[in-house]
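K.L.:
These are the residues of each chain, in order.
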Amino acid sequence: MAEVADPRLEIRGLEKSFGGTRALSAVDLSIAPGEVHALLGENGAGKSTLTRIVSGVFAADAGSMRLDGKPHAPRSPAEARRAGIAIVHQEPAICPHLSVAENVVLGAEPARFGWVDRARVRAEAGRALALVAPELSPDAASSSLGPAEVQLVTLARALAQTDCRLLILDEPTASLAAPEVERLFEVVRRLASTGIAIVYISHFLEEVERIADRFSVLCDGRQVGSGAIAGTPATRLVELMTGQTLEARRRREPRTGGEVVLSARDLAGTRLPVSASFELRKGEVLGIAGLVGSGRTELLRAIFGLDRVTRGELRVRAELGPASPGRRLAQGVGLSSEDRKREGLAEALSVAENLTLSKLPAWVRPARQASAARRLIERLGIKTAGPDQPVRALSGGNQQKVALGRLLHHEVDVALLDEPTRGIDVKSRADVYAIIDELASQGKAVLVVSSHFPELLAICDRIAVMHRGRLAAATPVAELTEHRLMLDAAGVG
Amino acid sequence: MKKLWRAPWFGPLCAVLAVYVLFALLAPDTFPRTANVLTMARQTVIVSLAAIGMTLVMIQGGIDLSVGSTVALTTVIVARALDGGSGPWAAAASGVALGACVGAINGLLVTGLCLLPFIVTLGSMSALRGAAKGLANEQKVDADPKGLDSLMALPGGAQGGFLLPTGVWVALALAVVFAIFLAYTRPGRHVVAVGSNLETARLCGVPVGRITLMVYVIAGGLAGLAGVMEFSTLTVGDPTDSIGLELEVIAAVVIGGASLSGGRGSIAGALCGALLLTEIKTGSTHVGLPNWVQEILTGAIILVAMALDQWRERGKGAG
Ligand SMILES: Nc1ncnc2c1ncn2[C@@H]1O[C@H](COP(=O)(O)OP(=O)(O)OP(=O)(O)O)[C@@H](O)[C@H]1O
Ligand SMILES: [Mg+2]
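One line per chain: the protein sequences are W and H, in this order. The numbering used here applies: residue 1 is where the first sequence begins, and numbers increase by one. The numbering used here applies: residue 494 is where the second sequence begins, and numbers increase by one.
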């Protein structure tokens with residue numbers, strides 16, 4: 001392992017267990033000032049646990065940390081913050097009853113003798129927001145923000161910290177679209193050039209290759225490799241992370257869909273979408289590309305009956321009529337939400353209960369529930385202590401698999417997937433793609449929303465682009481490129 | 494105008510005025526008279542003081558069921574103190590201090606043992622009631638009020654005060670103080686943050702434990718002050734007094750726009766809620782409605798207030 005001369009952060013022999021699960025064992029890490037250090041690893045490898053220890057959320061069981069040579073053992077997030085550590089946690093969250101500006105400065109409000117200096121709050125928050133989300137007003141209420149905007153607010157919160165020495169970004173781009181990612185990268189590069197050390201966690205290797213200088217790979221809580229990004233091919237990184245080589249995805253044979261199972265004509269919601277028409281056929285995967293806030297999620301919600309439809313018509317097979325989630329599920333239409341924390345999962349319930357929630361028999365037999373769950377756990381490769389473990393204790397990626405698993409258990413004919421691979425590692429992402437493929441080849445219809453355009457190109461048969469609430473006609477993937485999608489999504493095509 | 498409509502206290506204030514007009518029309522000879530309005534203001538003081546503290550607790554995401562028992566215990570303590578020779582100020586101060594101690598114990602149990610506030614204060618509600626009865630030998634404690642009774646006396650008497658009884662002014666002043674505290678100070682904003690999303694607040698370095706403790710101490714102290722006012726009204730220490738007061742206080746706070754899940758609440762709204770409850774009680778008596786109608790009416794008003802609030806909140810999301 002390449003040693004850094006004067007590391008900003010140096011970690012030696014860090015260990016952490018949760019009950020019986022060993023999350024970290026003997027991890028060493030050193031990061032130089034001005035370096036962007038990618039922390040890689042599969043779901044559940046221990047990346048977030050490491051960042052939580054550095055940022056004072058948990059204490060380590062053993063091992064030592066040094067920040068600029070001084071021992072670093074924060075007993076609380078506040079203490080870590082005072083030591084100069086800024087962090088964006090993996091599950092971004094805000095206080096919905098505070099304004100955007102108050103959320104940005106939360107915990108570090110500029111105040112004189114306890115009086116909050118409102119002008120400075122606005123100014124500081126405005127400055128931080130301008131870096132990553134210039135369109136978000138500091139005075140806006142934060143209760144109605146979507147996941148991407150929440151993510152941007154938490155990024156601004158970390159950037160507002162002026163005395164920052166080490167910035168940790170735990171999957172900051174999981175719910176962002178390309179333009180926001182570009183803006184973030186610009187900020188990261190600028191911060192790095194001023195000497196701030198940056199830990200960057202992401203499952204998108206192409207992002208890592210663009211932004212990071214060095215990397216460390218965790219596998220099952222152990223550090224299995226580190227080095228310079230330049231000169232390390234992506235395939236090698238994947239090999240380190242998974243312990244196996246992943247063959248490159250081949251371009252599938254084009255599928256032709258069967259009869260139409262879901263169709264919309266000029267569909268409009270209260271605010272979004274403005275107008276959407278499409279036909280989804282049996283045995284095909286239709287992708288919806290677009291920027292954050294373009295109305296993709298709102299479209300899925302309207303289809304599933306979560307939001308009101310104000311105009312247009314929506315048919316499931318030949319059936320018209322009012323939509324409600326219950327009716328849609330009965331019709332075999334299932335939705336996997338992009339916001340698994342708030343909508344996707346009942347976090348306090350077990351894995352088995354979450355998987356079987358939408359299709360419980362009148363008389364619940366726990367043994368059956370568990371065996372059904374075990375089958376899905378195996379099929380999806382969910383890393384869990386067992387069907388009884390609460391979903392809360394799973395790593396982000398594994399939680400996402402549970403959310404998808406529920407649709408499989410329900411045996412839906414039409415799957416509406418909103419960002420189905422959010423926070424999922426390379427290998428699991430391949431697993432999810434395989435599951436989507438399998439669904440389509442079994443004659444099910446899949447509608448996928450994703451901010452990650454290469455993903456859409458890899459799994460979809462046709463892709464329609466949404467721009468400012470309007471859905472354009474779908475195009476077969478063979479005629480599309482990532483560049484084309486990017487232009488259409490930005491509305492400059 | 495839009496801003497006014499969105500203010501959490503706007504709805505409750507409208508309700509107070511509407512109910513006032515209603516009873517003024519139904520009982521034009523008695524209800525709108527100055528003496529009656531003053532009486533209602535005076536009767537609202539105790540619930541109002543406790544409601545200020547309860548608003549803080551509920552915004553923080555907790556609840557305090559021990560308010561009624563604290564008030565009863567305070568009347569006994571104040572009576573015993575006066576009886577034992579303390580002056581009126583010392584007796585009043587000991588009442589408030591006792592309330593704050595009760596709050597501190599509640600707060601420490603919530604933060605230290607990670608118990609649910611509902612459970613903790615359910616326990617202290619019973620324990621404090623018992624303590625009050627024990628301390629009073631299960632009977633009323635008579636004591637010379639030594640002037641403490643003037644706190645709640647109507648003006649026009651010997652030392653009339655500014656038109657309203659001193660207690661009303663105290664409640665109003667504290668309401669203003671704590672409303673400013675909530676809106677403009679760092680600990681005040683942290684109360685909202687903790688109630689809104691405890692985990693995020695903790696990750697952002699908000700001292701969650703200290704904020705929680707503070708909120709219960711304030712609520713306890715205000716309940717103690719309410720107890721002093723109650724003694725001033727009764728002029729005896731009564732261990733069986735104020736049974737069920739906590740529910741009335743919670744109702745006032747909820748009518749005032751607070752949410753049981755935290756993050757939301759308004760002190761001005763809670764005062765309006767308290768006033769509304771008094772109006773209904775007094776008005777029903779003036780109109781000659783029996784007690785049971787009054788109770789049904791109160792329940793209905795709470796439900797209507799909640800429904801309206803919910804409707805308004807949804808409007809916000811769309812707008
Ligand atoms: N609070 C907790 N209680 C119990 N187990 C936990 C807890 N937090 C994490 N774990 C376990 O520790 C391991 C490491 O989890 P961690 O969240 O650090 O993974 P990760 O590398 O961040 O994964 P992902 O890419 O999915 O976010 C997992 O096996 C997880 O189940
Ligand atoms: Mg993680």
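To be clear, the hints were calculated from the coordinates, so they are not data collected in a lab. This structure is a prediction, so every number in the text was calculated from the model and none was measured. From the three backbone atoms N, C-alpha and C, an ideal C-beta is built for every residue, glycine too. Treat the hints with caution; some may be incorrect.
As the list claims (entries may be wrong) - Cβ pair distances, simulated, as ranges:
(1) H:K639 to W:R127: 55 to 65 Å
(2) W:S137 to H:W804: 47 to 57 Å
(3) H:L615 to W:R190: 48 to 58 Å
(4) W:T21 to H:L740: 21 to 31 Å
(5) H:W498 to W:S137: 32 to 42 Å
(6) W:G312 to H:I612: 15 to 25 Å
Said to hold, decoys possible - Coverage of chain H stretches by chain W, computed from C-beta distances (three or more under 8 Å per stretch; other residues unrestricted):
(7) 533 to 540
(8) 606 to 620
Stated by the list, open to error - Here are the simulated SDA-like cross-link-like pairs (lysine to any residue), alpha carbons at most 20 Å apart as the crow flies:
(9) W:K70 to W:R189
(10) H:K496 to W:A141
(11) W:K341 to H:M533
(12) W:K341 to H:S754
(13) W:K341 to W:S358
(14) H:K496 to W:A140
(15) H:K496 to W:S358
(16) H:K496 to W:K70
(17) H:K774 to H:M533
(18) H:K496 to W:R165
(19) W:K341 to H:E692
(20) H:K626 to W:S144
K.L.:
With reference to the structure, classify each hint as holding or not holding.
P.N.:
Hints and how they fare:
no. : hint                         : result
1   : H:K639 to W:R127: 55 to 65 Å : holds (59 Å)
2   : W:S137 to H:W804: 47 to 57 Å : violated (26 Å)
3   : H:L615 to W:R190: 48 to 58 Å : holds (55 Å)
4   : W:T21 to H:L740: 21 to 31 Å  : violated (45 Å)
5   : H:W498 to W:S137: 32 to 42 Å : violated (20 Å)
6   : W:G312 to H:I612: 15 to 25 Å : violated (51 Å)
7   : 533 to 540                   : violated (count 0)
8   : 606 to 620                   : violated (count 0)
9   : W:K70 to W:R189              : violated (26 Å)
10  : H:K496 to W:A141             : holds (13 Å)
11  : W:K341 to H:M533             : violated (48 Å)
12  : W:K341 to H:S754             : holds (17 Å)
13  : W:K341 to W:S358             : holds (17 Å)
14  : H:K496 to W:A140             : holds (14 Å)
15  : H:K496 to W:S358             : violated (41 Å)
16  : H:K496 to W:K70              : violated (51 Å)
17  : H:K774 to H:M533             : holds (9 Å)
18  : H:K496 to W:R165             : violated (41 Å)
19  : W:K341 to H:E692             : holds (13 Å)
20  : H:K626 to W:S144             : violated (50 Å)
Violated hints for the displayed structure, listed by number in ascending order: 2, 4, 5, 6, 7, 8, 9, 11, 15, 16, 18, 20.
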